[in-house]
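Undergrad: Spelled out, the chains give:
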Amino acid sequence: MSTISSPTGHQLPEEAIGVLSTDGFIDPTESAKAFVDDATAIDHERVAEMYRLMANTRRIDQEGVNLQRQGQLVLWTPSVGQEAAQAGAVTALEDRDWIFPTYREHVMARGRGIPDENVFDFFRGAVHAGWMPNDYNMQPYTVVLAAQVPHAVGYGWGIAQQQRGWTDARRAKEGRVAIACFGDGASTEGDIHEAMVFAASFDTPVVFFIQNNYWAISTPFEVQSKVPLFKRAQGYGFDGFAVDGNDPIATAAVMDRAVDHARRGGGPVLVEAHTYRMGAHTTADDPTKYRTSEEEAQYAQADPMVRTEQYLRRRFDYTDAFFDEVTGEGEQLAANLREKIVDAPDTISLREKFDLVYAEEHSLVEAQAAAFDRWMEAEDA
Amino acid sequence: MTTVFDEVTTGTKKLTIGQAVNRALHDALATDERVLLQGEDIGALGGVYRVTEGLAARFGSDRVVDAPLGEAGIVGTSIGLAQAGFVPVAEIQFDGFVYPAFDQIVSQLAKMHSRFQGSQQFPVTIRLPYGGGIGSVEHHSESPEAYFAHTAGLKVVTYSNAHDAYWVTRAAIASADPVLLLEPKKHYFVRGEVDFDAPTENPFATVEARPGTDGTLLAWGPQVSTALAAAEAGVEDGYDLQVLDIRGLSPLDMTTIANAVKATGRAVIVHESSTFAGFGAEISAGLMEQAFLSLEAPVQRVGGYHMPYPPSRLEQDYLPSVDRILDAVDETFTY
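If you read the sequences in order, they're chains V and X.
Taking my numbering, the leading residue of the first sequence gets 1, the next gets one more, and so forth.
Taking my numbering, the leading residue of the second sequence gets 382, the next gets one more, and so forth.
No lab work stands behind these hints, which were simulated from the structure alone.
All values reported here derive from a predicted model rather than from experimental measurement.
Each residue gets a CB set at the ideal place from its N, CA and C atoms; glycine is no exception.
Worth double-checking, as some hints may not be accurate.
In silico lysine-lysine, DSS-like type, Cα no more than 30 Å apart, as pairs [stated by the list, open to error]:
id : chain 1 : residue 1 : chain 2 : residue 2
1  : X       : K394      : V       : K340
2  : V       : K173      : V       : K33
3  : V       : K231      : V       : K33
4  : V       : K340      : V       : K353
5  : V       : K226      : V       : K289
6  : X       : K492      : V       : K353
With beta-carbon atoms standing in for the labels, derived distance ranges [said to hold, decoys possible]:
id : chain 1 : residue 1 : chain 2 : residue 2 : range
7  : V       : W375      : X       : T636      : 20 to 26 Å
8  : V       : D239      : X       : D578      : 33 to 39 Å
9  : V       : A370      : X       : K395      : 21 to 27 Å
10 : V       : D23       : X       : G466      : 47 to 53 Å
11 : V       : E174      : X       : V389      : 29 to 35 Å
12 : X       : D578      : V       : T188      : 51 to 57 Å
13 : X       : D618      : V       : A371      : 37 to 43 Å
14 : V       : G125      : X       : A557      : 43 to 49 Å
15 : X       : A644      : V       : E366      : 20 to 26 Å
16 : X       : S488      : V       : R96       : 25 to 31 Å
17 : V       : V144      : X       : F714      : 48 to 54 Å
In isolation and in its complexed conformation, chain V is listed as follows (with noise of 0.2 Å):
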């Protein structure tokens, strides 16, 4: 096998679908055969793109640590070092596919057009869905691992059961696609299980799309599977492929066609992006109690934004005139995000969860809002 393009302290399997070395050479895997042209036909715009995503949401990651150590935060969860992997899935759909994410799909909330200050939100305690999900086509961040997976599947039986009988030109132009997002913790969750399984049996087009990043917290992946997780999609019935999901243009090729088959009526598929959670699960831990400095600068040499800004100034002639561009951008977003939600005020009063908790009326609730009414009139007075 050759040598694959990866993180260099775990060993990806060799199955996984790679292109790119750590440094931007086109440098392909045995298992990237049947991808290779795929990936390296993939233009400079969408490279560039995925990118910017990627750029930019690092630069908004450092902003969600320093708001938390400044108390503007009650929690931030990192996505350094996971951006190309998810910068390659949202790039392959389309606006009117699905996303199911867990709570750190923040290169995809900015693929979707959620402002960060939205995002933020939810992180500073404000609101539990900083977005309107029908607004972007994206379901909330979900906090109890893999509970979002069987809804994600529901959709795509229900969507499934609504394009049956489309011809393949519908589909491709019509036809939906829901993305369940989770990592390899929630693996281990039976939710996933008992989603595979119904994705299985009603041909559901979902995606599921797994960022290994090889830490639940402080428990290494070893302790969650013997075996690299794309190979239960065998076990259910459908494909699944393990990509290094540090390699932007091999991640957006296997997801491209990851999506198109399910759009096309073929059931579901497993995608298994290799990467490494670079920094803490949140701003609450603290990784120096389990892990050691020398793993962390191992796959500091495998950061996909390096990598893929390698690869667009190698391949594509890209100069500093962009990378200074996107880093300017970076910093304009970041004052921009400073201004919103530092001290900002709340965005919804606890009279109005009332109103929300029921879409009818609820007699207790009502007079629960009424009593609430009189205690706060009250303290006013």
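Position chain X relative to chain V; hints supplied.
TA: For chain X alone, coordinates are given in the frame of chain V:
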């Protein structure tokens, strides 16, 4: 069981509760193409109690779906189906099998409308055959209503007769909110008149099942019949007992309950689950708040003991009985 109909049911018919539910599901499927039933063995078999018999043949296996055997998957995919525009009606085969879906019900389904800031409705109905007295093995006889009534965002409803079985089921499916529909399975084969032309007004409200002036027995689902039997037996003891049939546990019609107890001055709450932190405690607290000055005696509770639901050979001593209820009524006359 006659189960193949061409049209929405009309007129008045004498049906078992199970048949009434079957017709409610049929009529919902017939009138709303968004309605989709899923559950274990609900298709060709017609459900382990045959409640869905004939529906798959009539509406097809796309709309009456034999689900893979996974309760979290059944509820979780129902959430996604709702997002895709369907009105899912999920059957969980037995009360004791609902817990694998607990997260999907209480942390996902119940919170979705609020989490989505009201921008998406989740009209999912979960049918849950529940309650004991059926002589079955472990996990087939439980009454988990308190777990779910405690959860904001869920409606929790039940019924005790065939007419209500039809209309409460129709109302649950029509609700824009998630509904946990507790089906008193011991009574699936009890017959009653169903008037298909007379929708039940406020189907989740509490109603008087028997008038009385000396005290009020409060029950729901399978225990309404026990309470009625106790009231009947109480006549010999000189008691004129009222029985309330509580159909909605959430929302709970506390106004009707409090007004009834204010009139009689005595309340005995009857349910199958353990009384400790059971739903009767909520009603008792509500009566303290709203009927305290009218009470002649402390509110009494008759229910299960604080133990796992016992083996079926022992369940008659565990479940509320006419004698235990009347003993509690006697107690209210000692103050």
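Undergrad: Would you mind marking each hint as holding or not holding in the structure?
TA: Status of the hints after comparison with the structure:
1. X:K394 x V:K340: Not satisfied, since the Cα-Cα distance of roughly 64 Å exceeds 30 Å.
2. V:K173 x V:K33: holds, 28 Å
3. V:K231 x V:K33: Holds. K231 (chain V) to K33 (chain V) sits at ~19 Å (cutoff 30 Å).
4. V:K340 x V:K353: holds, 22 Å
5. V:K226 x V:K289: Status holds; Cα separation ~23 Å.
6. X:K492 x V:K353: Holds, because 12 Å separates the two Cα atoms, which is no more than 30 Å.
7. V:W375 x X:T636: 20 to 26 Å: For T636 (chain X) against W375 (chain V), whose Cβ atoms are near 21 Å apart, the range 20 to 26 Å holds.
8. V:D239 x X:D578: 33 to 39 Å: Violated - the Cβ-Cβ distance for D239 (chain V) and D578 (chain X), about 54 Å, lies outside 33 to 39 Å.
9. V:A370 x X:K395: 21 to 27 Å: Given range 21 to 27 Å: violated, Cβ gap about 44 Å.
10. V:D23 x X:G466: 47 to 53 Å: holds, 48 Å
11. V:E174 x X:V389: 29 to 35 Å: About 33 Å separates the Cβ atoms of E174 (chain V) and V389 (chain X), which means 29 to 35 Å holds.
12. X:D578 x V:T188: 51 to 57 Å: Cβ of D578 (chain X) to Cβ of T188 (chain V): about 54 Å, so the range 51 to 57 Å holds.
13. X:D618 x V:A371: 37 to 43 Å: holds, 41 Å
14. V:G125 x X:A557: 43 to 49 Å: Distance hint for G125 (chain V), A557 (chain X) is violated at roughly 28 Å.
15. X:A644 x V:E366: 20 to 26 Å: Cβ of A644 (chain X) to Cβ of E366 (chain V): about 25 Å, so the range 20 to 26 Å holds.
16. X:S488 x V:R96: 25 to 31 Å: holds, 28 Å
17. V:V144 x X:F714: 48 to 54 Å: Holds: the Cβ-Cβ distance is about 50 Å, inside 48 to 54 Å.
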